[in-house]
Structures are given as structure tokens and as C-alpha cells.
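Asker: Read off the chains here:
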Amino acid sequence: MTHVTPDESTLVLGIETSCDETAAALVMGGNDVVSSVVSSQIEIHADFGGVVPEIASRAHLETLNPVIARAIVEAGVDESRIDAVACTHGPGLIGALLVGVSAAKALALAWDVPYVGVNHLEAHLYSAFIEDPSLEFPLVVLLVSGGHTMLVEMQDHGRYRLVGQTIDDAAGEAFDKLARVMGLGFPGGPAIDKASDSGDPAAVDFPRAVPEKPYHFSFSGLKTSVVTFIEKASASGDLPSLADVAASIQEAIVDVLVKKTFRAVDDTGAKVVGGGGGVLANRRLRHRMAEEADKRGVTLALPDPILCTDNAAMIGVAGGYWLTKGRLTDWAENVDPSMVL
Amino acid sequence: MLILGIETATEQVGVAIGGHEGIIATFEVARGRRHAEILTPAIEFVLRQADVDVDELGCIAVDVGPGLFTGMRVGISAAKALALALRVPMIGISSLDLLAFPCRHTDRVVVPVIDARKGEVFWSMYRQVPGGVQQVSAPTVGPVDDLVADLLARSQEALCVGDGAERYRHEILEGYHCEISAPVHPSPGALVQLAHAQALREEWVRPAEIEPIYLRAPDAQINWATREQRS
Ligand SMILES: [Zn+2]
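Sequences listed follow chains Y and P, in order.
In this text, residue positions in the first sequence follow my numbering: the first is 1, and each later residue adds one.
In this text, residue positions in the second sequence follow my numbering: the first is 342, and each later residue adds one.
Next up, chain P with everything else stripped away, as it sits in the complex:
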């Protein structure tokens, strides 16, 4: 089965396609936040390079966050619409899983950290298991200090990854001795790989069951200025 993976939860737009034969094509652009402009041409590009007709897709996988709300909604909305049009099932995978998976060969605790803006980060912790990684702490949002406190409380050898770890490298290293390295953005290739494993077990859902992971209540401030522009 061919799976298309869409990943837009951070500043990156990532698209990949793959199946039994592994990853066939990937596309990643990690500059700026032009998700709405890049995504559809990127999907078309990846399909063409992989020589796959859109009708051949058997499943749509999508990064469901946590991440930048507007960015992740661009990817989730496109993914749900594709699944609706092609009448295929979906698989949603967390951005934190996608950051941790490429680090599955380390015996340290893997800590994906995603920039949540407003001085906060999303993070979670993973440990190695046969064939992959397993989440050992629930995804959390909070100030960088809370992440450092969490690391200190566990005091295990840790590997921090993600754009949040990159942005707050200094603050994290000042509070806790650990390693900060790549990947910076969730990998669309990892998305397709993880989704493929789930698809083999038929662990997929209908588009309506795809739940974005926001971790933050909506900012209930009314944007009167923007409201003026509606009709």
C-alpha cells in the first residue's frame, strides 16, 4: 500500500511517499512559514517524482501536532480533504513521535522539544524499544524552565532534539547537562515509515477521527481588527 505523509506542524513543510519498498520520495522546505503556498505544489511534486498517480494512494498520514496551530491546520485540512476525495483511511501521528523516531538507536532518553512561541515549548520523553521508541511521559506545554525541571527530576542521560531545543539550547544546557542535536524538524519520512507499520496492522481511522493535538486552550481574545474585514 502506498502512503502519502504530510507534515506541517513546525516551520517546515514536509511531504513523503512510500510503502513496502520504503520511502520513495520526500520533500522538505524549512524556511519561513509559507505552508499554504508550498504544500499543494509539494504534494504534486512528490507524486510526480515518485511516478505515483494520486488514485494509487491507499492511506493519508498526517502530523497531528503539537506545533504551530496555523501551520499544522494547513496540513491536517489538506490531508483530510485528500482522504475524503480519494475515499481512503488516515493515520495521525504526533510531531513528537516523528522527532524521536530517527533517534531510536540511542540508549539515552530522547526528548523532542518543539517551539510553542510565547516563551514556551512542547515536549515529551521517549526510550528505546525493539524496532523503535516508546513515549514515557505525556506531551506537555510549558516554559523552558519547566522542561529543565523535568529533566533534573529524572536525571537520566538525555538527548534533546527539535526546533525548541535548538532555540533554547543555551537555557537548557545551563540548567541540565545533556546533548542537543538534529533532527530539528519532524521527519516526513519517519511519518510514512511509522504510518506504514500501523497500516500493516490496519490501525487507521476515518478522517473525522483525526484529532489535532493542541495542548493549549484557544486564546479567547477577540480580534476586532480582523473581524472588521469580514462581510
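If we strip away everything but chain Y, and leave its shape as in the complex, we get:
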């Protein structure tokens, strides 16, 4: 491996294959996303209501080369200019991770550049820096997706404190389950977001679970309340509109996420709030977070919705940071499906 002294023109190829998105991106000078290509497998998994690991691995193998080639073409740069290859090496589905990591190492070998293995969760945190790389530490970051609900205090680069997390379902999983109850599609988050459009978030006051620890989340009880409510209301003939129910469910989830995030902001004195994960594409959540940030005069550094869901730009950004620190990954290093922050 050759050594790279990174600067403004350092070009990193990011690769992401940890779950059901095949993605590649080129990132220049640390945070300038010059191209970002994401091929989603959502449609091929939709019939199963969840991600099927073997189907995901097969699709990654088929799609990865074209996705990488397109990311290079869209960036309009010559591949000989690429200084490093970064790839998610955990957490995720083992077979899916292996497709990306095997390709990333081979590319690094062929181009004679370093390979940087990236923690997928850390990459979501780093997406806060895409807009503004000079954000002031500490950051409070809400990481919410189909598999995760975590509140993290990012004290410095590479230094994290887990403030709180879910004790049962992830927020995205709660959206999926509730969308199924209401007969809306998969994935549930975007379906409920859309169905809520003309609804009244205050139509039904669904319970906000309060686990013992102030920063923990719990979403498993919400499904029971919604099912019970729909049964009772249908029997008595006062079932509100679908839009009202959807908006109220969304509000119950969003409310808890926003309150705990900003409690952490108040307690830590953080001046910046970040976020990542597919649930942060939810419009109501973004709106409520903006309101709370405004009230306190803190900076809200939410990535564009397209960079909240899984993508390779964040892998390139996180990988680029570690490249500047000289933390490269050995070719003999394996993937870690249960990697933590």
C-alpha cells in the first residue's frame, strides 16, 4: 500500500453493501460529494416484508460493478486520480458486506492505493459534516433507521458516547409494523409519511412510552395501542380518517425522538444536532427538529434526505477522515457483521 498525504484534492471512492442498497460515491477533499450512486433492492425484497440475506448478496454481486463504474463516470474524473478505496466492513449482513469488501480490496490492489474499512454507524454520524466540515464538538446525533435507534454524543472525531437507545423495536421497524397494521406498503416510514399529508397529528393521542432510563426509547407498545384503538373506534363507528390516524401515529414516534434528542442537547450543552438513518428522511421529524433547534439557537446539521438513507457518500466522508489520520485497514482484515460504535 502506498502512503497518501491527504489534501483538498484527495479523492476517495466509497462503497456500501451492508444491507439492501448497493452504493458507490466519489468524495473529494473530505466532504465534497462529487458523485453518489445508490441502487436500491427495496422492490425485490418488498414481497417478503423484509430483507432476505441471500437475495441481497446475489443482487449486490450483480449490481456493484455497474454502480462503481457509474459513480466514476458521473464524477467526470479519471479513475487514476482515486487516492483510496473506503468500504463498509460492519455492521450488516455478512454475505452482503463480503461482496463490497472483496471488491474494495481488489480495487485498492489494482490501483495501488490504501483500503479503509468503515463502520457503517460511524459513517451515518459523519454525514452531518457533509454540509459543514467545521461543525463544533460536541454533537448530539440521532441515528434512526430500520435497525437502529440511538442517541449519540459525538465528543470528537472517533470519540462517541452512547446516550440512549431503543429497548425493543427500532423506530423504522415501528413504522414498518404500523404501516402493515394499516395496510400501507413496505417500507413503512415513507408510506406513513405520505399518508399523513392531510392528517391532523393531534387527532388521536397515542401513548408515548417512557422507559425508566430517561434516554431510552420503546416502540413495541405503540402497535398494541394502535390495533386496540382501531378495533374500538371501528366498533363504535367513530374511526377517524386514515390520514388522521397515520399523522397521529407519526406524531407519537416523532414526539419521543425529538424530546429525547433535545433533552440530550440541553444536558450536554451541545451546540450542534446531527442525524442519520432512513427515518430522518421523515418530513415531520425534520420539521419538529428544526423548530426545537431554532428555539435554542443551536445548529441543525441534518444531511439531505437522500444522504440519510444508506449511501456511499457517507462512507467516502468517514473513510476520508480516517485516511487523513493514517488509519488504514489491512487486506487480511475480515468483515464484522455485529460491529458497534
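These are computed hints drawn from the structure, not numbers from a lab.
Predicted model only: the values in this text are computed from it and were never measured.
Note that CB positions come from ideal geometry on N, CA and C, so glycine has one too.
Misleading hints may appear alongside valid ones.
Stated by the list, open to error - A few chain P residues that face chain Y, going by a derived Cβ cut-off under 8 angstroms, partial list only: (1) D392; (2) A419; (3) L425; (4) D560.
Since the structure of chain Y is already known, use the hints to place chain P with the ligand on it.
Answerer: Frame of chain Y, contents of chain P with the ligand only:
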């Protein structure tokens, strides 16, 4: 033309490099299933020992299975990425061909048998032809009993090879009188030799045309436990 061959369809990781002058260097490790850890260092090692710069490679050959899905994908993904980066064509060859080719000097039917786990094997049959072997039955996956039934139906003198033949030696020999011998794993050297013959005829493909041979539909069971770990 220099060809790099990558073979990871069974428990073995095999890499070889060669061309007009024959095989220049090979690497084989057949212990455990640490494909992802071994493969890239193995490629680097073989290139260095052969004193070949990666840019000198003119073609990437890869074992496309059948075999262990996760293992073979490690090799195929690496091979496709190398071909993409070096802008060279690819040649995909079946693991069954690679097991049969070293047995080309026998006049018996050669039956490569690969362990498919879950009590099943992948197999196919080959006969001798000038300069090599030719597949005479389509690759199949099934229980060992089906393989024995296939052997009985043909009732020819047979030579079984591969890790599946090794693992189920007892069951096969109980059902059919034949010989079971080496090789146990597909040979990366055979991969380069066979690919070289094809390359001379310019029978290569673009990386997008490389098709893994799975022979089994994906297990559509959703792994909720693993799904939890994603974000
Ligand atoms: Zn994610």
C-alpha cells in the same frame, strides 16, 4: 498474455498466474473458510512471487461455482473488481470443470462432487476428449442418494473427485463400486490453463457477463436477527 486465476468456491482459497509459458505461480490454502482474509494478500503474494506487475495482467479468470455461496462470491466480486479497475476481459469457469480437468488422462467417467452442505452435493460427469475433458451431464444439486442413483443408472467405471466425494466416501462406495481420489479442491492452476486455452480463441467476456452458478434458489428466509444490526 498473463492470466490471473481466482478460485474460492469451496473451503479452499486458490490463486494462480500464468500464460504462454505455463503456470508461473500458485497459492492454495484449504483450511477453514477465511476467504475474505486470505484472498487479497494471496493475490498480492502470487503477483510478487511471479514478479508480475498487476498492470501486466491481460485477463482475470474466476471459478464461478457451483460451491459455497459466500465463498464463491468473495472470489467473483474480487475478480470482477480487478477486471473493472484494470479494464481487462474475464473468463468464468465452473468448479466442476476445474476438478475434472486434472483427471483428463483416465478413460473412466470423471465425476466431480462438491459438498453443497445440508446433506447435498453438486455433481456432473465428464469423459476424456483429445486435450482435455468434456462435460456429459448437466451440473446437478441433490442428496447423495441421487448421485448414487445417477452412477447406478449409467453403470460405467467411474472416478469420483472433490470434497463432496471425500465427505460422503462411505455413502457413495456403499451404493456404487467406484474409485474416490484426489483432487479434493478445484485447482487454480487448472483454472489458468483452461482460461489460457479460451483466451487464445478470444473466448472471454465482460465482467457484467460473468454468471455465478448457484443451482439453488435463494433461501427466502428472512434473517430478522441479522436485520436488527443494520442501520
Ligand atoms: Zn444505515
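Asker: Indicate, hint by hint, whether the structure satisfies it.
Answerer: Here is how each hint holds up against the structure:
no.	hint	in the structure
1	D392	violated, 16 angstroms
2	A419	holds, 4 angstroms
3	L425	holds, 5 angstroms
4	D560	holds, 5 angstroms
Checked against the numbered hints above, the structure violates only hint 1.
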